[in-house]
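Visitor: The lines below spell out each chain.
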Amino acid sequence: MSLLALGEFHRFSAAESDFLYLVPSAAVFQLDEPSRAVLDLLGAGPLPVAAILEQLPYPADALRETIAELIGARALRYANAQPESVPRELPPSGFPLSTLVLNVSNQCNLSCAYCYEYGEDKIVDTAFGAQPKFMSQATADAAVDFLLGQCGPQKLVHLTFFGGETLLNFRVVKTTIAYARQRAEQAGKRIDFSLTTNATLLSEEIIEYLAENEVGVTISIDGPREMQDQFRVYHNGVGSYDVIAPKIRSLLQRHRSRPIGARVTLTSQTLDAGRIFRHLREEIGFWEVGFAPVTTSPNRLYAIGESGFDRMLAQFRELADEFLECSAAGRHHGFSNVRDTLEEIHKGVSKAYPCGAGLGLMGVSTDGDVALCHRFAGSDSHKIGSVGNGIDRQVQVRWLEQHHIAEKTDCSRCWARPLCSGGCYHEAHVRYGDTAHPNLHYCEWIRGWTDTCLRIYGALWVRNPKFLEQLDQEPEYETSAAS
Amino acid sequence: MKHLRRVNRKAARIERHLDEQRDVVALQRGGPPQGAPPRPHIPLGCSLLFSPGWEADSSGGAAGLCQPVERDLFDCHLGCFWPAQVPDQLNHSPDWTSKCAAAQKDWRKIDLIFP
Numbered sequence: 001m002s003l004l005a006l007g008e009f010h011r012f013s014a015a016e017s018d019f020l021y022l023v024p025s026a027a028v029f030q031l032d033e034p035s036r037a038v039l040d041l042l043g044a045g046p047l048p049v050a051a052i053l054e055q056l057p058y059p060a061d062a063l064r065e066t067i068a069e070l071i072g073a074r075a076l077r078y079a080n081a082q083p084e085s086v087p088r089e090l091p092p093s094g095f096p097l098s099t100l101v102l103n104v105s106n107q108c109n110l111s112c113a114y115c116y117e118y119g120e121d122k123i124v125d126t127a128f129g130a131q132p133k134f135m136s137q138a139t140a141d142a143a144v145d146f147l148l149g150q151c152g153p154q155k156l157v158h159l160t161f162f163g164g165e166t167l168l169n170f171r172v173v174k175t176t177i178a179y180a181r182q183r184a185e186q187a188g189k190r191i192d193f194s195l196t197t198n199a200t201l202l203s204e205e206i207i208e209y210l211a212e213n214e215v216g217v218t219i220s221i222d223g224p225r226e227m228q229d230q231f232r233v234y235h236n237g238v239g240s241y242d243v244i245a246p247k248i249r250s251l252l253q254r255h256r257s258r259p260i261g262a263r264v265t266l267t268s269q270t271l272d273a274g275r276i277f278r279h280l281r282e283e284i285g286f287w288e289v290g291f292a293p294v295t296t297s298p299n300r301l302y303a304i305g306e307s308g309f310d311r312m313l314a315q316f317r318e319l320a321d322e323f324l325e326c327s328a329a330g331r332h333h334g335f336s337n338v339r340d341t342l343e344e345i346h347k348g349v350s351k352a353y354p355c356g357a358g359l360g361l362m363g364v365s366t367d368g369d370v371a372l373c374h375r376f377a378g379s380d381s382h383k384i385g386s387v388g389n390g391i392d393r394q395v396q397v398r399w400l401e402q403h404h405i406a407e408k409t410d411c412s413r414c415w416a417r418p419l420c421s422g423g424c425y426h427e428a429h430v431r432y433g434d435t436a437h438p439n440l441h442y443c444e445w446i447r448g449w450t451d452t453c454l455r456i457y458g459a460l461w462v463r464n465p466k467f468l469e470q471l472d473q474e475p476e477y478e479t480s481a482a483s
Numbered sequence: 001m002k003h004l005r006r007v008n009r010k011a012a013r014i015e016r017h018l019d020e021q022r023d024v025v026a027l028q029r030g031g032p033p034q035g036a037p038p039r040p041h042i043p044l045g046c047s048l049l050f051s052p053g054w055e056a057d058s059s060g061g062a063a064g065l066c067q068p069v070e071r072d073l074f075d076c077h078l079g080c081f082w083p084a085q086v087p088d089q090l091n092h093s094p095d096w097t098s099k100c101a102a103a104q105k106d107w108r109k110i111d112l113i114f115p
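Protein sequence lines correspond, in order, to chains A and B. In terms of our numbering, the first sequence has 87 at position 87, counting the first letter as 1, and numbering is strictly consecutive. In terms of our numbering, the second sequence has 12 at position 12, counting the first letter as 1, and numbering is strictly consecutive.
The shape of chain A in the complex, shown without the other chains (with noise of 0.2 Å):
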């Protein structure tokens, strides 16, 4: 006899619906009565066909129906059908590059105690390293001719500056970008150009620079000056608060080609995001904020625990809620961490790989060495070529066979690993010493906030479809890469 069970899916309810976010598909349907009722009825346990039309109180023709769709949509499977397995297939070769982040500068003029380039958690030796401190013009340009040499037919690709502190060595920053137009402008094709700073050296010539050239800005920066100066301080342990403060009102009263993000890492000292949010918001004036909880090991007195994330979650959920009744009313809210999963939602983003990293974006050096990401910029373990020799294809695919989530059967079995994949390889090297290991340590962090994006995401579906309608077109503007 054959029985019908459960397929894997989740289940969630918003704005008085109720929705199946499909596994692994990433599809999310709207159910309606009958269709309900058989989701409810098998939850107690797999059935034949002709209980549940005996059982339900619907025509036969709709149960039938509803079945068949459901089954089609993999709600349901056959309980003795083989369950199946996640197909393993690798990215074309040759896969083409759509962004790549320069690491100009190895150096800084902060001292933040929790940096994963300087602090207690580091993978490259940047004090006394074989590295030069500064990227030179010459690695620069060849970084921009390997972009545009590994980019296949895209038409728009993307430079990042990255540090170290950037604007440290702005010098370089501004001869790549004069080198850069002209280059894609004889391949034919269009380069988009933004940086990730501290704002400890925005001055008025630079920031006239920044937007008359529409570089695109994040700043790194951790909420008002208690919080601010609590880590992101100079060597000498004076904050960065003041300093910074009426440098970025600057920026942003000047820079209007481009929406201006802050970039927040939360410790378990620092977290309060609602608080957060409010000051880079609206007294500050950012158009966005977007927060990640620190990377480290977590023995670190600044790590988030376990009872840190539940806070963190509910922080979270608060300003989605905000963020739901602003976007219901056609209002802009700000918190880039909804916007970024929704826009994955609608698309139904199933991931083999958590990221782009070492695939469609990779980072540089300032000895032009290529790495997976700008977080591993620097490591010899973890180098995958270099702007000279273009990348090593051999290591390139080794890597993407040993990262695809096929390989991690602690998340085979999560219904968020379409979205999740595992998590951060920068993380997962911090904390596991294993960039492919699944990052544990926030699993229920993630379900949780994805849940709660899946519910903004149906609210929304149901009070104002004209907001995911945007998310149809391709964003405006890219953020730089995260700090």
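Calculated directly from the structure, the hints in this document are not laboratory data. This structure is a prediction, so every number in the text was calculated from the model and none was measured. Accuracy of the hints is not assured; some may be wrong.
Some chain A residues well away from chain B (every beta-carbon gap over 12 Å; in silico) [stated by the list, open to error]: (1) Arg-36; (2) Ser-85; (3) Ser-136; (4) Lys-189; (5) Arg-190; (6) Ala-211; (7) Val-238; (8) Leu-301; (9) Gly-388; (10) Asp-392; (11) Pro-418; (12) Asp-472.
Among chain A residues calculated to face chain B with C-beta under 8 Å, some are [what the hints assert, rightly or not]: (13) Ala-50; (14) Lys-133; (15) Gln-137.
C-beta atoms are modelled at their ideal positions from N, C-alpha and C, and glycine is treated no differently.
Model the placement of chain B on the given structure of chain A, informed by the hints.
Guide: Just chain B now, with coordinates in the frame of chain A:
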């Protein structure tokens, strides 16, 4: 789809996929509906005789066969030496083929039997 309403873009793709697969193209006349692109149909190892066979279309499935699988099932039931898995017509479903007078024309009318 009537009972599941598509919400995101992936759901729309699944719906399109299921709609395309809704019917077999086998013994139909007149081709695909107007405006729809012609469906690829390349039978592979398909028997041209009305006799049972183990067949797959170009995608490894049975939807694109030049003869419907139901035709095979029916043939198995009637005359094949191989014990085909057909409904129990002695006890449980004696009338399962009663609406199917001519298999080529009426194969859609063979009853669906739930075990």
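Visitor: Each of the hints needs a verdict: does it hold here or not?
Guide: Evaluation of the provided hints:
no., hint, in the structure
1, Arg-36, "violated (9 Å)"
2, Ser-85, "holds (16 Å)"
3, Ser-136, "holds (44 Å)"
4, Lys-189, "holds (27 Å)"
5, Arg-190, "holds (25 Å)"
6, Ala-211, "holds (35 Å)"
7, Val-238, "holds (49 Å)"
8, Leu-301, "holds (41 Å)"
9, Gly-388, "holds (41 Å)"
10, Asp-392, "holds (34 Å)"
11, Pro-418, "violated (9 Å)"
12, Asp-472, "violated (8 Å)"
13, Ala-50, "holds (5 Å)"
14, Lys-133, "violated (46 Å)"
15, Gln-137, "violated (43 Å)"
Going through the hint list in order, the structure does not satisfy hints 1, 11, 12, 14 and 15.
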